[in-house]
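Letter by letter, the chains look like this.
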Amino acid sequence: MTHPTLEALLALRDGEADAGAEAHVKTCAACQKTLSDLVDLRDSLVALPSAEPPADGWSRLQGRLRAEQRARTLARCGWAAAAAMVLFTATVAVRGGLEAWHEATLQQQMKALVAESQRLEDMVRTSEASGRIVSGRTAYAIADLQGRIEVLDARLAAARRDKQPTNEVIDLWQQRVALLDDLASVQTARVAYVGI
Amino acid sequence: MPFTTAVEIAMVNVPAVTFPSLEARLSTREPRSGSFVVEVDELLLARARRGEQAAVERLYRTFERPVYNLARRLCRTQHDAEDVLQETFLEVFRSLSRFRGEGSFAGWVRKVAASKALQKLRTQRTAPAETVLDDELVECLHSPEGEHSSAVVRMDLEAALANLSDTARAVVWLHEVEGWNHDEIALLWGKTASFSKSQLARAYARLRSWLGTQGRSS
Numbered sequence: 001m002t003h004p005t006l007e008a009l010l011a012l013r014d015g016e017a018d019a020g021a022e023a024h025v026k027t028c029a030a031c032q033k034t035l036s037d038l039v040d041l042r043d044s045l046v047a048l049p050s051a052e053p054p055a056d057g058w059s060r061l062q063g064r065l066r067a068e069q070r071a072r073t074l075a076r077c078g079w080a081a082a083a084a085m086v087l088f089t090a091t092v093a094v095r096g097g098l099e100a101w102h103e104a105t106l107q108q109q110m111k112a113l114v115a116e117s118q119r120l121e122d123m124v125r126t127s128e129a130s131g132r133i134v135s136g137r138t139a140y141a142i143a144d145l146q147g148r149i150e151v152l153d154a155r156l157a158a159a160r161r162d163k164q165p166t167n168e169v170i171d172l173w174q175q176r177v178a179l180l181d182d183l184a185s186v187q188t189a190r191v192a193y194v195g196i
Numbered sequence: 001m002p003f004t005t006a007v008e009i010a011m012v013n014v015p016a017v018t019f020p021s022l023e024a025r026l027s028t029r030e031p032r033s034g035s036f037v038v039e040v041d042e043l044l045l046a047r048a049r050r051g052e053q054a055a056v057e058r059l060y061r062t063f064e065r066p067v068y069n070l071a072r073r074l075c076r077t078q079h080d081a082e083d084v085l086q087e088t089f090l091e092v093f094r095s096l097s098r099f100r101g102e103g104s105f106a107g108w109v110r111k112v113a114a115s116k117a118l119q120k121l122r123t124q125r126t127a128p129a130e131t132v133l134d135d136e137l138v139e140c141l142h143s144p145e146g147e148h149s150s151a152v153v154r155m156d157l158e159a160a161l162a163n164l165s166d167t168a169r170a171v172v173w174l175h176e177v178e179g180w181n182h183d184e185i186a187l188l189w190g191k192t193a194s195f196s197k198s199q200l201a202r203a204y205a206r207l208r209s210w211l212g213t214q215g216r217s218s
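Which chain is which? The protein sequence lines are X and H, in order.
For the first sequence, the working numbering begins at 1 and goes up steadily by one.
For the second sequence, the working numbering begins at 1 and goes up steadily by one.
These are calculated hints, taken from the structure and not from any lab test.
For every residue, glycine included, the Cβ atom is placed at its ideal position computed from N, Cα and C.
There's no promise every hint is true.
[What the hints assert, rightly or not] Which bits of chain H does chain X cover? Going by a derived footprint, with three or more residues having C-beta under 8 Å, they are:
hint, region
1, 112–119
2, 157–170
3, 197–208
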């Protein structure tokens with residue numbers, strides 16, 4: 001008589017056996033005893049007392065959880081600080097670049113306005129040396145223009161204390177060029193009239 | 001809703017065999033006290049996910065005994081079991097936000113605990129091989145049944161269990177006491193169910209040999 005293996009009896013005990021093993025055990029006292037032992041042994045294992053967990057288990061775990069939380073917070077702060085630094089650097093770089101470009105543009109504009117201003121002044125001086133005033137209205141216009149240019153020159157002298165050109169200085173130079181242009185036109189017209 | 005897995009349900013509903021003398025014993029199997037068959041309130045989980053310390057502690061208190069007991073039975077030393085207890089709960093609380101309720105929470109904690117315990121065993125390269133019990137212990141285990149008090153029988157079983165190899169002991173404990181089926185056990189080792197079945201049968205053969213029951217049956 002061939003008895004089922006221990007593995008087959010364990011399966012039978014757990015309700016997984018095939019019909020053949022079950023039919024054998026029904027008629028075999030020895031296998032029924034083995035099966036009974038397997039149940040006993042399992043019941044004895046289940047009945048073993050639980051091990052007592054360590055009394056300080058929670059406090060140790062709490063300490064480690066807090067340490068992890070702190071580490072995560074520090075890591076987050078580190079990343080935030082690094083991101084802020086990168087952003088700051090990028091902002092400074094961009095702003096610096098824009099400011100430099102703006103300053104160069106103003107310098108260039110002022111240089112052109114000063115050159116134009118000098119050209120017009122030369123033209124006015126040439127005209128003045130060429131003849132006399134023939135009308136009161138013309139004399140008044142020339143005096144008015146010259147007066148307004150003097151006011152602008154005073155403002156420009158005050159503004160020149162700042163080393164860097166500003167929009168306001170450029171605006172003053174533009175006004176000066178416009179007044180000189182008017183003055184040069186009046187002078188040129190007077191010379192032409194005198195010439196007639 | 002109680003968090004009871006199909007395995008846990010199967011534990012208490014083992015199909016009956018047809019011979020009457022064993023039928024009743026096979027059909028009733030109560031889960032052991034302090035096991036993972038625990039009901040966990042969804043609200044408690046939600047509070048723990050938000051980081052409320054009281055809820056986190058309550059979850060720990062609910063599962064510390066079953067986790068530690070599982071770890072103690074699988075690991076070789078008390079120190080290792082305490083490490084597994086810590087590592088299990090660190091993993092559980094780290095991953096709590098990712099637990100979406102597929103399966104029971106208790107089943108998940110149990111799986112993490114078993115996995116951590118096996119990791120601990122695997123890291124110990126100097127694992128002692130299963131040894132033959134020394135003569136003195138065999139003599140003690142084979143003494144007449146009448147002389148055995150329940151405490152002595154229990155110590156016999158404890159000693160025999162501890163003498164199994166790490167793998168055999170883990171398979172026996174997970175299957176017989178924790179109620180894992182062979183497929184679940186095999187998954188932990190990345191093997192098939194037949195691995196778990198043969199490990200269990202071989203472990204039972206040794207236990208019966210050491211405990212002196214093999215001569216009384218086939």
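Hints, verified against the model:
| no. | hint | verdict |
| --- | --- | --- |
| 1 | 112–119 | violated (count 0) |
| 2 | 157–170 | holds (count 3) |
| 3 | 197–208 | holds (count 8) |
Going through the hint list in order, the structure does not satisfy hint 1, though it satisfies all others.
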